[in-house]
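Visitor: Chains as they are written, first to last, in my numbering: chain A, 1 to 290; chain B, 1001 to 1220.
Don't read these hints as lab results, they were simulated from the structure. Heads up, the beta-carbon is just placed ideally off N, CA and C, and yes, glycines get one too. Please note that a few of the clues may not be correct.
[Unchecked claim] Computed Cβ-Cβ distance ranges for the label pairs, DEER-style:
#, chain 1, residue 1, chain 2, residue 2, range
1, B, K1071, A, K280, 14 to 22 Å
2, B, D1072, A, M19, 35 to 43 Å
3, A, M169, B, S1066, 55 to 63 Å
4, A, I179, B, A1139, 45 to 53 Å
5, B, R1010, A, M19, 36 to 44 Å
6, B, K1181, A, M19, 41 to 49 Å
This is what each chain is made of:
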Amino acid sequence: MKLSYIIREGVIGIQRARMPFMISVFSVMIAILSVGIGIFAVDNGLQYIGDLQATYDLEVFLENEVSQSDTRELSKIIAEYPGILRMDYLSKADAAALYNTEFGEDVLSLLDDNPLPSSFRITFEENYRTAPYIQSFIHATEVVSGVDEVMFKKDLFDRVQGIMSFIYMMATIVLFMVILSTVFLTANNLRLMILARYEFIETVRLLGASDFMVKAPFFLEGGILGFIGSLMSVVIIASLEKLLEYYGIIDLPVRILNHPEVILGLLLFGVSLASLGVLKAVRRMLRFVS
Amino acid sequence: MIQFDKVHLRFDSGISLRNLNISIAKKEFVYLFGESGCGKSSILKMIYLELVPNAGVVTVLDQVTSYAKRKDIAKIRQRIGMAFQDSKLLGDRDIYSNIALPLELQGMKALEVRQKVVARSDELGLRSRLSHYPHELSAGEQQRVSLARAMVISPDILLADEPTAHLDDNTAADVLEWLWKINAQGTTIILATHNKLLTKSDPSRTLTIVAGEVVEDRVK
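Let the sequences and hints guide you as you build the complete structure.
Guide: This is the structure in structure tokens:
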């Protein structure tokens, strides 16, 4: 029955103070929207820069006269090397076809023999994509029989990696500041909402309510307003994505709707922010009520 | 049941209670009589633990109030009914919900709550007002609602601060009669009033307070 009192009082509290409740919902929505758009922008930005990088990290060229067994052996060594995300074999014929696609010339018609070597194009997993690790891979494969040369565009790679690290660091700092300021603003708004309910808090306490019974309905109310606020912000972000897609303004590589874990995280953040903010405000007010 | 031992209470405004020694037994009906501002409400507030003395000891229901933790305060208040001078009714809910509130806080079942609320409101002539809001009631009716809310939990002690201040003579007499009935059922009643006629016509024990001191403790 106490539970039913808590639920009823929490829900009725919303109906009785609609305006402060709506202002708080709006405040939570702005907070979660700032965080959500921040994450969304950073993710897409990083993805774009990542795409600018070569579709593969390095290319292992084989000697012209390499045997099939050496090629198989090398393929096995590369495949078993830790951190390899993808490995594509380009035969001499594939290389000629690629040359034809890129330069519009048939290399076999220019020369009698196909001079282009066969190769392996290798892409590393995200966690292994560092210059020192790739260098160690090069040292390991260079000495394998049949390998002519390993090409790694280290300068471009380092530059892109540097830009990505910088953006990531700046985005983390900015996001942290945004979160901090929105948490502060939301907490302040919630405090004003609770301040408007001083009469209720004082009266129920005088009527024998324990601190728990005073706080619990507000905690629930905070959870509800946090859920509504964060749900609204998720809907707005998803709608923005759809609009951008519909008008073809930009092709987004990362979409929030494809990441339920991000949606869940934003909802949880909104609910925790509001319910804990309300709880803190009530606790502070209870200090003034005996 | 209630014990004040050498109690002193000081306020920043300078008003104070001095050297109070009061003992109130179970089932007693006691008037706290005195002019406005003499300290009657402060005594009531010390009994339901809204104030604690600066010196001396107040014991209520076997609990020394100065040592009571917040949890203890809530438990003691669940055994004390308080009809406030300013009613303290919640304006955002109807009279039924106001009277039902202390029962709901104690976790009583809905059906039982309804029975008790209806019974108390019948006794105080408030049945037709249950769906109204406090601002729709007269000051006298609000005071009766405050009394009904205080009594709905069937408390060990009922504290009433000027419960007849806004009532006409007939209604005041009815309320007093009702309080006597409650008292006969075993509830200790402490009633603060500045109405001399009320205490004169009643044989109950009267504590007369002047400027924060008990100057007379009289039983007719």
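Visitor: So, for every hint listed, does it hold in this structure?
Guide: For each hint, the structure was consulted:
Under the hint 14 to 22 Å, the C-beta atoms of K1071/B and K280/A, about 20 Å apart, fit the expected range. For the hinted restraint 35 to 43 Å between D1072/B and M19/A, the CB-CB distance of approximately 37 Å keeps it satisfied. Restraint check, M169/A to S1066/B: a C-beta distance of roughly 56 Å satisfies the suggested window 55 to 63 Å. Roughly 51 Å separates the CB atoms of I179/A and A1139/B, a value that falls within the hinted 45 to 53 Å.
Range check, R1010/B to M19/A: Cβ separation about 41 Å, and the 36 to 44 Å hint holds. Evaluation of the 41 to 49 Å hint for K1181/B and M19/A yields a pass: the beta carbon distance comes to about 45 Å.
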